[in-house]
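> Construct the entire structure; sequences and hints are all you get.
Number of protein chains: 2
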Amino acid sequence: MNRTTIGIIGGMGPHAGIYLADRITAHTNAAGDSGHVSLQLASLPALIPDRTAFLFDRGAPDPSGAILEIASELVKSGCLVLGMPCNTAHAEPILAKVASGLAQRHPEARLFHLIDETAAFCAEAAPGARRIGLLATLGTYRDGMYERALTAQGLQPIIPDEAVQQNLIHRALYDADFGIKRQSSPVTEEAIELLSLAVEHLREAGAEAVILGCTELPLAIKGRTFAGLPVVDSTTALARALIRAAAPEKLAPLN
Amino acid sequence: MNRTTIGIIGGMGPHAGIYLADRITAHTNAAGDSGHVSLQLASLPALIPDRTAFLFDRGAPDPSGAILEIASELVKSGCLVLGMPCNTAHAEPILAKVASGLAQRHPEARLFHLIDETAAFCAEAAPGARRIGLLATLGTYRDGMYERALTAQGLQPIIPDEAVQQNLIHRALYDADFGIKRQSSPVTEEAIELLSLAVEHLREAGAEAVILGCTELPLAIKGRTFAGLPVVDSTTALARALIRAAAPEKLAPLN
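In the order they appear, the protein sequences are chains A and B.
Numbering of the first sequence is given in my numbering, commencing with residue 1 and proceeding in unit increments.
Numbering of the second sequence is given in my numbering, commencing with residue 1 and proceeding in unit increments.
Wrong hints could be hidden among the right ones.
It does not matter which identical chain is meant; a pair holds if it fits inside one copy or across any two.
The calculated lysine-lysine pairs, modelled on DSS-like cross-linking and capped at a C-alpha distance of 30 angstroms, are [said to hold, decoys possible]:
1. K250 x K181
2. K222 x K76
3. K222 x K181
4. K250 x K97
5. K222 x K250
6. K97 x K76
Hints in this document: simulated from the structure, not taken from any laboratory.
See the structure below:
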């Protein structure tokens with residue numbers, strides 16, 4: 001298998017890995033089948049302990065070991081360019097162990113950083129926007145990873161109030177009846193309504209664009225704008241970074 | 001990795017492998033991420049010579065060797081239940097070599113047969129339908145694989161006239177300007193119009209349901225019916241067969 005195969009560490013959740021593969025294909029300029037980039041997706045959800053549960057209770061099973069094993073298997077299969085489409089797994093207590101383990105075992109491989117790529121992608125997806133709102137899981141929210149990444153890009157993070165995070169965003173994702181992680185085909189109207197209210201809150205707080213900082217959110221929010229704001233999809237950001245690394249000449253213009 | 005991991009031999013085309021992974025996820029009953037079945041997708045399109053080109057010119061590169069290598073790598077990674085979402089690759093001159101090579105190298109693995117599974121799925125997707133129409137590539141059409149599989153299920157194949165196959169179906173898939181293999185995001189109106197005329201032709205010939213016998217067709221034809229006929233999607237048929245083999249208790253009811 002060739003040196004530019006993209007490896008996707010999937011399963012967190014299953015939709016996210018598949019959606020990244022889909023975005024890689026959609027953002028590739030290829031005349032026919034054989035012009036597309038090579039990729040491998042490992043979606044082994046049962047092996048990976050819940051990321052959010054671990055971040056809130058360090059006594060809970062640590063997902064980093066399983067993630068590192070899956071990444072290693074992908075590298076051994078020829079994938080030197082890796083992406084992990086799970087924002088929550090980029091929290092420091094998880095990512096630090098994965099990244100250092102991978103650097104030690106496979107210095108030849110490169111794991112792209114979903115959050116940094118998303119912050120960098122704002123300039124392309126929402127040109128001119130300086131104040132960037134965030135929709136994410138509680139684990140991502142509490143970690144502060146997007147504040148750091150946006151600030152590093154010279155952008156101003158607009159983070160929801162705790163009440164909005166808990167009552168609108170968290171519920172839209174995790175509600176036992178209507179949450180996206182419960183029902184995604186199709187996503188429920190309740191979930192979309194809560195997200196729409198959350199984005200209105202971010203806009204009132206000054207946001208000029210909104211990051212979809214959870215890989216399940218594009219199941220609910222399709223298109224380039226939502227509730228009046230341009231959307232910056234983290235999975236699309238990662239897809240474009242991976243294509244740029246594996247086959248830069250094949251990266252399609254953003255339209 | 002566990003014994004029930006599903007392996008997808010993808011890349012033929014890239015959308016088809018991703019769509020199979022998507023259908024597996026959509027047809028799985030799972031309360032959360034970790035309840036989903038494990039799967040691996042190998043999408044290495046540049047390695048696999050064009051299937052249709054080989055079927056029409058046996059001097060052209062034979063794709064079966066590359067397909068067998070990819071299947072072997074998946075088995076070595078722990079995938080004992082395999083699917084190949086490409087109808088054309090199920091033509092005898094290609095499949096025979098893949099299947100016998102795999103049986104020799106890895107008797108522990110099982111490659112599910114897309115065409116047979118689709119014929120069997122008609123009873124579930126279009127209950128009561130006896131005369132089943134076919135939309136497929138020229139390679140699949142000429143091979144006669146669906147006639148054989150449908151007849152084996154006691155169903156009557158309704159195959160398009162040569163003119164309809166060439167001027168409507170082949171063009172909808174392969175036209176250099178508007179064909180689905182050229183433009184799929186979104187599919188062009190011209191392609192959908194040609195397919196709609198082809199299905200009307202099949203209905204006039206007595207078809208009570210129509211098989212989407214090319215894995216790119218669901219990009220154009222979504223939903224359970226098209227141009228007045230119930231749709232039997234070959235990728236969905238394969239997805240359900242793979243779930244049934246890997247984790248039967250997780251197969252969602254068809255709705």
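> For each hint, tell me whether it holds in the structure or not.
Quick rundown of the hints versus the structure:
no.	hint	in the structure
1	K250 x K181	between (33 angstroms within a copy, 17 angstroms between copies)
2	K222 x K76	neither (35 angstroms within a copy, 37 angstroms between copies)
3	K222 x K181	both (16 angstroms within a copy, 23 angstroms between copies)
4	K250 x K97	neither (32 angstroms within a copy, 33 angstroms between copies)
5	K222 x K250	both (24 angstroms within a copy, 28 angstroms between copies)
6	K97 x K76	both (19 angstroms within a copy, 27 angstroms between copies)
The structure is inconsistent with the numbered hints 2 and 4, although it conforms to all the rest.
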